[in-house]
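Colleague: Chain by chain, the residues run as shown.
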Amino acid sequence: MAKRQASEARHNGAAETDRLLVSVAAGNKDAFSRLYDVAAGPIYGMACRVLQDQGRAEEVAQEVMLEVWQSAPRYRPENGHAMTWMMTIAHHRAVDSVRTLQRSAERERAASQQEAALAYDDVVETVESIGEREQVRSCLKELSAELRQPVVLAYYQGLTQTEIAAALSLPLGTVKSRLRRALTHLRHCLGDPP
Amino acid sequence: MITADAHDLAGAFAVDALTQEERERFLRHAADCPDCAHEIARHQQAATWLGLAAARTPPPDLKDRVLAEAARTPQLPPTLAAREGEHRGRRFTPRMLNLALAACLAAAAAFGGLAAWQHQEAQQTRQAADSRTADFARLLSAPDTTFVRQDVPYGGSGTVAVSRHLDQAAYFCEDLAPLPPDRTYQLWYIAPGNHVRSAGLLTARTALQAVSLPPPGAADSLAITVEPGKGSAEPSGNPLATWPLPAA
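Chains A and B are the protein sequences, given in the same order. Residues 16 to 209 (our numbering) make up the first sequence, in order. Residues 6 to 253 (our numbering) make up the second sequence, in order.
Hints were generated in silico from the structure; no laboratory data involved.
Chain B side only, calculated, beta carbon under 10 Å to chain A, not exhaustive:
hint, residue
1, Ala-15
2, Gly-16
3, Ala-17
4, Leu-23
5, Glu-27
6, Gly-56
7, Ala-59
8, Gln-80
Backbone N, C-alpha and C fix where the C-beta goes; we use that ideal spot for every residue, glycine too.
Just chain B, with the same shape it has in the complex (with noise of 0.2 Å):
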């Protein structure tokens, strides 16, 4: 789909009027695309006005079943990217951007018409976007996507984002803590029966760094190790941090 085509799309998405396929390519093209947020999000108001005109009174007993079952269920943690302003309490740079848009399409991922929402808070930091974005953004938006967070000792801590169904892997981490320069940060696959192989090195660095993997297959977790010089075939001792990983 060329790009003028796509763009076209903003008044179409905010009415739910895309199918799932061109609603998939629309997000992929509105991540790389400044002025599409403002625009969703002027039609997502004007839309908003359509919907509060329909209001009805519901069945009384519908507010009973649905405060019973909130009462019975955990809320999400925030997004990755809403933890770090929390926490840090200071304003997106554009070397939050993939996590900012790990979170965004995450939640893009989960909750449908938040996209483009969570989109803009992306858009705000989209000077660092590059090519991994759209392999990013296909693994992040896909529907099976699972995010596994652990804290690494002495490095921060890292997420892993896996889904099965694409078979594709990413990971995210900040704060790792910095190595002599013989030494480097490495990443495994660990499948049944104590089948382990590389996936991947790590630079040491405190920025936020966000790391296509290979696909996972049969892997259950991934490890991290500390290794010699520019990585080992085998981990060359006990893992720092481990990741279960959802079931295929």
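Isolated chain A (complex conformation) (with noise of 0.2 Å):
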């Protein structure tokens, strides 16, 4: 019953979240500032978590928020949640942002077999034990080490796909299979998001 609620609950946000990006897309500058209020903490705290700092998170929030009231007029809500949209966006400009900071031999040689771990471990960790960071912390758990660590270097480390492939000492095919098998398994865990 509980479980049924929070779905109901959820997809009710995310109605309002898509009303409040096609509201902004027509200008409407307090939908904006509402919007911000909803979005803007998982795109600064999604940021600082690949960047590994807060200033440069700030500012990659900031430019997608801009993006954001730039190109809501393009969004679509018959495709989708706005908050995928938006996060869809704000994590291709953090990886970008990480991406161009570092060259990529230093990264491969960062993302140690060990580092993998530990990164596991630091997010596992460190996600707050709250609402539905609770379930994704369960479902992250749930999945296998061999299925998590390429997800997590992936989403929050940045790496390529090659940079994993080496920092684990897996063939390429198996990284690729790995993050299917991986996302797939967190959608089925966790239902569509907010």
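Please assemble the complex out of the two chains, which come individually in their own frames, going by the hints.
Modeller: This is how it looks when you write it as structure tokens:
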């Protein structure tokens, strides 16, 4: 019952965020202010984790929110939820930024087996244990380490599949298929995002 | 890259684990892959959860800066495809593929992560995909591609897409008014010093058309005229419309 209510609340939240973005597309500044309140935390927090630098994460969050404002007229609600749309833009921007700042060779060196394990522990232990984050945490924990490590290195550290293969001493094809399997598992475990 | 291999990249794409080159290759594959769009969308939803789980309260003054910057920043127009849907109030049809794809890939170029998103829309209309698609995809996904739209008197409107970097251009038009059988529309490149050369012929028809143009080179505008027979070596009258092209 509680799970169903949570799912309904999430659905309503998603629909509300979609409506806000549609209002923003019409130039509504008040809607943009409210959309900021919903989206800035996830965007900033994700960027902090990818960039490991609060100042740069703030710059990325600012750029992404402005991009959301500018390109809102191109959002099509029938194709999916606003939050996924915004987080897709934001993650791409954060990863671009971290790759520009670090040379690939350094990144491969840094991403040793040991650090891969640390990265996972760091994520799982520091994700706050409240509400939906707890769900993400428990779904990540359900993944076997071999599926979890590639997706954590890609999403939270911005490594390319080639870098992940080097870091984990795996063939590239294995990394590709583990990324797909991990994402499929997470989606089954978590359902549609808000 | 073989197809099966490219298809396997959907997960890596959704978590941005591809290099720019791999990403472009995957998008070219995805433009012709009905299953990819759905798979990408599903993976992006899962990835969104990973981002939400990392949420943190941003610095309090960030909001003021964002709102102030938005207040002085104009919004982009909707994509051509989005505008089409609004005005006509109808669903996409196969003949709109090229514009949908254009819109999709232009957005991809401008907004990176949006690619797969808008790609779903193109997928719905992909039945009419043909060999031109790869050329268009290359042009429309180039980072510097610019779109210039003009109304053509008696002839609907036309949009030219130009990448100076690729030295490639394409022309998209709709509702081009019918002509007598012994007349044709012709496009022209105009370079500084009034150097004019043909950029090709257009068929009069109401359907959307997407036409690859020759390399623009030094041209700084594109013009359309009505010419006799199978076209002319030089324009025989004043242009119906002229599109300024972005500086090289």
